[in-house]
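Participant: Position chain A against the provided structure of chain E, taking the given hints into account.
Below, each chain spelled out in residue letters.
2 protein chains.
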Amino acid sequence: MTKVVIFGTGNLATHLYKAFLNAQQVEVAAIWGRSTPSKAQFGQAGMRTSSLSKIPEAAVYLICITDDAVSGFSRQLSQEAFVVHTSGALGLDVLTQARRGIFWPIQTFTKSKEVSINGVPICIEATNPKDVSTLKKLAKAIKAKPTEVNSAQRAYLHVAAVFVNNFVNQLYSSAHDLLESQKLSFDLLKALILETANKGVNASPKSIQTGPAKRGDKSVMKSHKSLLNKEQQKLYVTLSEAIYKTHNNNEL
Amino acid sequence: MTKVVIFGTGNLATHLYKAFLNAQQVEVAAIWGRSTPSKAQFGQAGMRTSSLSKIPEAAVYLICITDDAVSGFSRQLSQEAFVVHTSGALGLDVLTQARRGIFWPIQTFTKSKEVSINGVPICIEATNPKDVSTLKKLAKAIKAKPTEVNSAQRAYLHVAAVFVNNFVNQLYSSAHDLLESQKLSFDLLKALILETANKGVNASPKSIQTGPAKRGDKSVMKSHKSLLNKEQQKLYVTLSEAIYKTHNNNEL
Chain E
0 MTKVVIFGTG NLATHLYKAF LNAQQVEVAA IWGRSTPSKA QFGQAGMRTS
50 SLSKIPEAAV YLICITDDAV SGFSRQLSQE AFVVHTSGAL GLDVLTQARR
100 GIFWPIQTFT KSKEVSINGV PICIEATNPK DVSTLKKLAK AIKAKPTEVN
150 SAQRAYLHVA AVFVNNFVNQ LYSSAHDLLE SQKLSFDLLK ALILETANKG
200 VNASPKSIQT GPAKRGDKSV MKSHKSLLNK EQQKLYVTLS EAIYKTHNNN
250 EL
Chain A
0 MTKVVIFGTG NLATHLYKAF LNAQQVEVAA IWGRSTPSKA QFGQAGMRTS
50 SLSKIPEAAV YLICITDDAV SGFSRQLSQE AFVVHTSGAL GLDVLTQARR
100 GIFWPIQTFT KSKEVSINGV PICIEATNPK DVSTLKKLAK AIKAKPTEVN
150 SAQRAYLHVA AVFVNNFVNQ LYSSAHDLLE SQKLSFDLLK ALILETANKG
200 VNASPKSIQT GPAKRGDKSV MKSHKSLLNK EQQKLYVTLS EAIYKTHNNN
250 EL
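Protein chains in written order, with numbering that gives the first Met the number 0: chain E, 0 to 251; chain A, 0 to 251.
Because the hints were derived from the structure by calculation, they are not lab data. There's no promise every hint is true.
One copy or two, either will do: identical chains are not told apart, so a pair holds if it fits within one copy or between any two.
Keeping only pairs whose Cα atoms sit at most 27 Å apart, straight-line, the calculated BS3-like set for lysine-lysine is [what the hints assert, rightly or not]:
hint	residue 1	residue 2
1	Lys189	Lys205
2	Lys189	Lys17
3	Lys244	Lys205
4	Lys110	Lys213
5	Lys189	Lys112
6	Lys17	Lys198
7	Lys205	Lys224
8	Lys135	Lys189
9	Lys182	Lys139
Just chain E, same shape as in the assembly (with noise of 0.2 Å):
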């Protein structure tokens, strides 16, 4: 039975909870929070607390609080423990432990939403192998996949995932205002979008590319750009540029 502390009650927070509640190796031994967590989403962890004192030991205190605050945080937890991160933008050194980790699913996250963590990578990293071990098994007893990295391979996967969820989000963001613009539903773009995933995932996202500016169809640019204001201009030409360079070795 592996205990673990859990300090936040967001939405990554909400999630490992209820994957913990559900992992037979699993005790939630606390959750902390800056008020204390309710007892309607947290009533099964064995304490709420917003009281640091109070922290019982366990043997991963997992911090799932704003990027920002971690470092702080970290001075203030016991120095004995061994206390890991969830984030994917910062490095091992903002802890202050000796023994400390990091404990990353790239995933995104709604607090309302079910999002099923099974098959979900988890990206760990740690200052002693033996913690490292105890980290895949707690990823394991999730049924995520556990992937160790280095701290240079997680930059990397962290900038890539801001590619494919939060820039992707902005051109659905950028669609959906150009269908409200002409009174269209948003729905009539879902099925598009989801295959579009689909067949991204399953395939070299470059061999399946297609499109204008793949050609450098210059006269069907020309008249999209026209129903574009400046903003979506700018990330029609810039995409349609990166697209045809990718293909064509050249500028378009």
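Facilitator: Showing chain A alone in chain E's frame:
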């Protein structure tokens, strides 16, 4: 029973052919290809031919060939027939027939992959109101969602489709390159890509945006940029600026 002739043997032609075969109210009277369409692939069509002079009469002549060739092709068909193209990029006026129409499924098709047309929106336009009805019936017969749009709306839909398909796929491709450079599998992003798409279609994409660009977190953005080549940096900066501006009404 609606008799249809399909011109073309590519991705879209293949998917529509299969969908029409499964629809009780539709008969594929003929399929035409530059060379005679293969029996293995199109054996259940009433006729397989490469000769335009042999094309039988039908209620709908459906052109599923590459955009550039549509206009010239339409001139070779009977000027009395109801001729329809299937492109999102082309207007009605590329067709020379008096009775002309558009039947554009907003989906990306891959020849080797089963893609359900079930529930896919099909944009419909025609010069003649009765022909609009025929195209709607055709879409319903294959369980797609007919959506009557005018040419202006279709133009916006097409550029929006480029954003969520071509441009999104280019971001997948960049992420793929970033991971490859670190000998990391693109599979690590699979769960994130699929969930990002799922979230995007079930919410307003703007309302669920997260990440360093939205927060204007310059230190994370700077360290991200240091990992990227010149082309990737261009995408990173343009997308980050767009996200920041969308959420902060201000330049980054």
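Participant: Next step is simple, just say for each hint if it's right about the structure.
Facilitator: Okay, the hints, checked on the actual structure:
no.: 1; hint: Lys189 x Lys205; in the structure: both (22 Å within a copy, 15 Å between copies)
no.: 2; hint: Lys189 x Lys17; in the structure: between (29 Å within a copy, 22 Å between copies)
no.: 3; hint: Lys244 x Lys205; in the structure: within (12 Å within a copy, 29 Å between copies)
no.: 4; hint: Lys110 x Lys213; in the structure: between (39 Å within a copy, 19 Å between copies)
no.: 5; hint: Lys189 x Lys112; in the structure: both (18 Å within a copy, 19 Å between copies)
no.: 6; hint: Lys17 x Lys198; in the structure: between (31 Å within a copy, 20 Å between copies)
no.: 7; hint: Lys205 x Lys224; in the structure: both (24 Å within a copy, 22 Å between copies)
no.: 8; hint: Lys135 x Lys189; in the structure: between (36 Å within a copy, 20 Å between copies)
no.: 9; hint: Lys182 x Lys139; in the structure: between (47 Å within a copy, 23 Å between copies)
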